[in-house]
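Number of protein chains: 2
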Amino acid sequence: MKKAVFYHAGCPVCVAAEDIVAQAVDRQRYDLEIVHFAKNSHRIAEAEAVGVKSVPALVLDSQVFHINFGASMDDVKAIV
Amino acid sequence: MKKAVFYHAGCPVCVAAEDIVAQAVDRQRYDLEIVHFAKNSHRIAEAEAVGVKSVPALVLDSQVFHINFGASMDDVKAIV
Chain F
1 MKKAVFYHAG CPVCVAAEDI VAQAVDRQRY DLEIVHFAKN SHRIAEAEAV
51 GVKSVPALVL DSQVFHINFG ASMDDVKAIV
Chain D
101 MKKAVFYHAG CPVCVAAEDI VAQAVDRQRY DLEIVHFAKN SHRIAEAEAV
151 GVKSVPALVL DSQVFHINFG ASMDDVKAIV
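First to last, the protein sequences are chains F and D.
Mapping the first sequence onto our numbering, position 72 (from 1) lands on 72, and the numbers just tick up by one.
Heads up: take any position in the second sequence, counting from 1, add 100, and you land on our numbering.
Just so you know, the hints here were simulated from the structure itself, not pulled from any lab data.
It is possible that some hints are incorrect.
Below, a sample of chain F positions facing chain D; criterion: calculated Cβ distance under 8 Å [unchecked claim]:
| hint | residue |
| --- | --- |
| 1 | MET1 |
| 2 | LYS3 |
| 3 | ALA4 |
| 4 | VAL13 |
| 5 | GLU18 |
| 6 | ILE20 |
| 7 | ALA22 |
| 8 | GLN23 |
| 9 | VAL25 |
| 10 | ARG29 |
| 11 | TYR30 |
| 12 | ALA38 |
| 13 | HIS42 |
| 14 | GLN63 |
| 15 | PHE65 |
| 16 | HIS66 |
Taking lysine-lysine and the BS3-like style, the derived pairs with C-alpha atoms no more than 27 Å apart in a straight line are [to be verified]:
| hint | chain 1 | residue 1 | chain 2 | residue 2 |
| --- | --- | --- | --- | --- |
| 17 | D | LYS139 | D | LYS153 |
| 18 | D | LYS102 | F | LYS2 |
| 19 | F | LYS53 | F | LYS77 |
| 20 | D | LYS103 | F | LYS2 |
| 21 | F | LYS3 | D | LYS177 |
Being a predicted model, the structure only gives us computed values, none of them experimental.
Backbone N, C-alpha and C fix where the C-beta goes; we use that ideal spot for every residue, glycine too.
Next up, chain F with everything else stripped away, as it sits in the complex:
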């Protein structure tokens, strides 16, 4: 099972993406975790280390996919 992590910060663009992305990811191949930075600010360093620059972002097997643009990680760090 591969690992998928959807990082977001509760922004409108994030929330719109969350449901659809969560539905679209093949759960038979990916173990999907959803991380909300406002609730899990200790996960910010891990996300930045893997290359997350903005939210929402989906990390599939360590590859970062920035999906649309909700907020930069600087904006995220300013509010959490």
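With chain F's structure known, arrange chain D on it following the hints.
Showing chain D alone in chain F's frame:
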């Protein structure tokens, strides 16, 4: 079955995304079509109509998700 369309233009960012996105989409829920604009320039108008602004982009059930940034649609139109 819902419809998923991955639009791209053969750019390096597109190619990197294509394989992983194609693997990650749940094929039991989504019928996935991959459209390469350089080979299917007649699909550009359809993509723009649904809101595609840059490639690569994944349209899930009419919702557009721009994935990272490879090229703008203006760039795409300039080369195809």
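Measure nothing beyond the straight line between the CA atoms of D/LYS103 and F/LYS2; if it is 27 Å or shorter, mark the hint as holding. Between D/LYS103 and F/LYS2 the Cα gap is close to 24 Å, so the pair holds against 27 Å.
Tell me if F/LYS3 is really an interface residue toward chain D, meaning its C-beta lies closer than 8 Å to one of theirs. Status violated, d = 11 Å.
Interface hint outcome for F/ALA22 [beta carbon to chain D under 8 Å]: Check failed: Cβ of F/ALA22 comes no nearer than 10 Å to chain D, outside 8 Å.
Measure nothing beyond the straight line between the CA atoms of F/LYS53 and F/LYS77; if it is 27 Å or shorter, mark the hint as holding. holds, 11 Å
Just to be careful: measuring from the Cβ of F/GLN63 to every Cβ in chain D, is the smallest value less than 8 Å? Result: holds, 6 Å to nearest chain D Cβ.
Per-residue hint verdict: F/HIS42, partner chain D, C-beta under 8 Å: This hint is violated: F/HIS42 lies away from chain D, its Cβ roughly 26 Å from the closest one there, beyond 8 Å.
Go through the hint on F/MET1 and say holds or violated, using the shortest Cβ distance to chain D against 8 Å. The hint is violated - F/MET1 has no Cβ within 8 Å of chain D, the shortest such distance being about 12 Å.
Given F/ILE20 was flagged as interface, is its beta-carbon under 8 Å from a beta-carbon of chain D? At 5 Å from the nearest chain D Cβ, F/ILE20 passes the 8 Å test, so the hint holds.
Hint validation: F/HIS66 versus chain D, beta carbon distance must be below 8 Å. Holds or violated? Since the shortest Cβ distance to chain D is 5 Å, the answer is holds.
Does the nearest C-beta of chain D fall within a distance shorter than 8 Å of the C-beta of F/VAL25? holds, 6 Å
Hint status (Cβ of F/PHE65 to nearest Cβ of chain D, threshold 8 Å): holds, 5 Å
May I ask you to test the interface hint for F/GLU18 with respect to chain D, counting a Cβ-Cβ separation under 8 Å as satisfied? violated, 11 Å
Hint compliance for this structure: hints 1, 2, 4, 5, 7, 12, 13, 21 are not met, and every other hint is.
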